[in-house]
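Turn these sequences into a full structure, and let the hints guide you.
There are 2 protein chains.
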Amino acid sequence: MEPSGSAMKPPILAGLRVVELGAFIAGPFGGVALASLGAEVIRVDPPGGGIDINRGPRFEGRSLYWGGINQGKRSVTIDTQTEQGRRRVVRLITAPGEGAGIVLTNLPVAEWNSYEELRKLRPDVIMVVITGQQDGASAVDYTVNAGLGFPWITGPEGHDGPVNHVLPAFDVMTGYCAAMAIVAADRHRRITGEGQLVEIALADVALAAAGHLGYIAEAILNPEPRGRNGNDVYGTFGHEFATGDDRRVMVLGLTARQFRNLVEATELVDEMAALESRLALDFRDEDHRWRARKQICELLEPWFNARSLADVQVALDEHGVLWGPYQTFKQFVMEDKRMSEPNPMVAQVKHPGFGTVATVASPLRFSGADAVPPQPAPTLGGDTDRVFRELGVEVEP
Amino acid sequence: MEPSGSAMKPPILAGLRVVELGAFIAGPFGGVALASLGAEVIRVDPPGGGIDINRGPRFEGRSLYWGGINQGKRSVTIDTQTEQGRRRVVRLITAPGEGAGIVLTNLPVAEWNSYEELRKLRPDVIMVVITGQQDGASAVDYTVNAGLGFPWITGPEGHDGPVNHVLPAFDVMTGYCAAMAIVAADRHRRITGEGQLVEIALADVALAAAGHLGYIAEAILNPEPRGRNGNDVYGTFGHEFATGDDRRVMVLGLTARQFRNLVEATELVDEMAALESRLALDFRDEDHRWRARKQICELLEPWFNARSLADVQVALDEHGVLWGPYQTFKQFVMEDKRMSEPNPMVAQVKHPGFGTVATVASPLRFSGADAVPPQPAPTLGGDTDRVFRELGVEVEP
Chain A
31 MEPSGSAMKP PILAGLRVVE LGAFIAGPFG GVALASLGAE VIRVDPPGGG
81 IDINRGPRFE GRSLYWGGIN QGKRSVTIDT QTEQGRRRVV RLITAPGEGA
131 GIVLTNLPVA EWNSYEELRK LRPDVIMVVI TGQQDGASAV DYTVNAGLGF
181 PWITGPEGHD GPVNHVLPAF DVMTGYCAAM AIVAADRHRR ITGEGQLVEI
231 ALADVALAAA GHLGYIAEAI LNPEPRGRNG NDVYGTFGHE FATGDDRRVM
281 VLGLTARQFR NLVEATELVD EMAALESRLA LDFRDEDHRW RARKQICELL
331 EPWFNARSLA DVQVALDEHG VLWGPYQTFK QFVMEDKRMS EPNPMVAQVK
381 HPGFGTVATV ASPLRFSGAD AVPPQPAPTL GGDTDRVFRE LGVEVEP
Chain B
31 MEPSGSAMKP PILAGLRVVE LGAFIAGPFG GVALASLGAE VIRVDPPGGG
81 IDINRGPRFE GRSLYWGGIN QGKRSVTIDT QTEQGRRRVV RLITAPGEGA
131 GIVLTNLPVA EWNSYEELRK LRPDVIMVVI TGQQDGASAV DYTVNAGLGF
181 PWITGPEGHD GPVNHVLPAF DVMTGYCAAM AIVAADRHRR ITGEGQLVEI
231 ALADVALAAA GHLGYIAEAI LNPEPRGRNG NDVYGTFGHE FATGDDRRVM
281 VLGLTARQFR NLVEATELVD EMAALESRLA LDFRDEDHRW RARKQICELL
331 EPWFNARSLA DVQVALDEHG VLWGPYQTFK QFVMEDKRMS EPNPMVAQVK
381 HPGFGTVATV ASPLRFSGAD AVPPQPAPTL GGDTDRVFRE LGVEVEP
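Protein sequence lines, in the order shown, are assigned to chains A and B.
The first sequence maps to residues 31 to 427 in this note's numbering.
The second sequence maps to residues 31 to 427 in this note's numbering.
Hints are computed from structural coordinates only; laboratory data are not their basis.
Please note that a few of the clues may not be correct.
Chain copies aren't distinguished; within one or between two, either way the pair holds.
Calculated cross-link-like contacts (lysine to any residue; reagent style SDA-like; alpha-carbon spacing at most 20 Å) [said to hold, decoys possible]: (1) 367 with 262; (2) 380 with 402; (3) 380 with 408.
Here it is, written out as structure tokens:
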């Protein structure tokens, strides 16, 4: 019997304490990413809640968004319209502790909570500030996305006009960037003893993604950058098919082997070979699959149309095809085995305000640290007195 | 004169050395996020390149995707089909050094490069493994997205069928998660002396995002979760308008003040008040704006349709409206001031293979560490001999 096997290990970010002054997504998402890995995250809101306290989706009047993005945090309410409230926030941020002295915000920074002011009370403070644009101007996921070009290549082929993504992708990326920045700055402080100011613009995070994925270079170098290809996967083989029982599936052949598996699963080996020879193409080459995608789909389509989702699943899984069913969110929570079978990332959790519901944990699993189980969000302001007491922030006159 | 002001400071992740065994997006994106913050990232590919070496978009036959996602890395080619090649990779990963002994992979892990094998040579090794599903099964951004429900709420209102996002959002999030995991595990190793295995599934990263944003709870609790709302922003006010010169703009009123600014900019104060009173609503409440969005848009539309983009810009900026123009990628690189004016995140960089092009740096700015300027990708295999020499990995028989 190995005692280390069952011993409790602290979660990976145990010992970090982060004060969060946030609203909407990017800042609070950074906070929840840290909290779900064991950091102590203290969210500060005005009494009654911030501007996002009632944000939809809601259930019986309670914000499910607020309940999701604040999981595992502690909630403190302070009125920063008063001098006393401002002093308290500053003292909360700069309270002593090796892994403390960290603030994350995506709200406008004022004089009283500026990095320079905080440094006066705690010289090694770490402050992460998220803005919309690099110059501090406002921007949100929707405007950043509009400006970069993605909406013109998203959506059905032939559609006239831009199509926004609904997932606030750049917000979530920025949240993870902010979480990474805090861990990196804490590492730096452990090595050098020095704190710092970290600045991150939502628009810059989006630009970095577009740049590293080749979109920027493509737009500069190619006279005609890629167009709109519906649900097809650009540059290789990936297509949406309808099944006989009116479901949809996403089917891919990103690699030569994946494509061969698909052709074998659908018993179209001879037909596909004939197509290759007729077009003088070699479908082991992703570019050739891309060029012939319409003809390839014509061959595959009847196979999918003639089968139920259940039959498609059996045949594709048997041959190791890369595919997945389209599901609505309702279908996901009702049908997907990730929700019905034991899953360390999901548990039934009782949330103040809207009851017991399946709730997520961090997607990161560290062998050297215990996972934080799925947590509820706090009651707004429910930790105020306790946090003040613990950190010695007095309720001064 | 403060000497510290102009002194060179090492980049924030200086001293970390990460060996990357990756392909496609999630793993290599994690690598580029680390490299752009100053970590030494050594990408290992088979001679001639991995399966993604020619991935589109391309320019004159060279992959712009490969050139973007490998910026700032060192490139080593090793044939892991041979015993000697495998030994070399293992020695590269486990070579000594305080911030070394780290491997990031999103490729299938074999016996020879398993965490247990690596530990034998370096007990404090850190290994981050990205898979598709939590059980190791394959999944990619397209299948994960299809399964979660986003495609059914993305796209034009009334469209029949799912609409995929084109931005590989979950891949990029997973890359940032992996980068964060490495910094967190390095911090843990500094404190405890212990390495570890970190596992991250693309599907879990997506599930965490959906959970924290309230989509999962909404699908469980509400009989009718949200539907498809085109480019409108769910739950508040945000809409796409066409201008008189055939451009499109995304205009938002997420907060009461932003909405008031919009109403004032478009000189519709009286009309909007009349609408509120007719509908018995209060547009300071985001939910009321959402319920009346069609009528609000009807009031606003003629104003946008009658003006050029340039005139719209002047009026909206003057009133501090939250908005942005839709731009294609081509328009972004040609017109956006982030590309034309001095921007520390963008520089002209010469890339081996496709020439000089505007190239991005990390979106994170640390006051206590110097930024890594925008970097080119390496030549495939161009660092092989030098890396082997530096790390003492011999070209053994």
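Hints versus structure:
no.	hint	result
1	367 with 262	neither (26 Å within a copy, 32 Å between copies)
2	380 with 402	within (16 Å within a copy, 45 Å between copies)
3	380 with 408	within (11 Å within a copy, 51 Å between copies)
In this structure, the one hint that does not hold is number 1.
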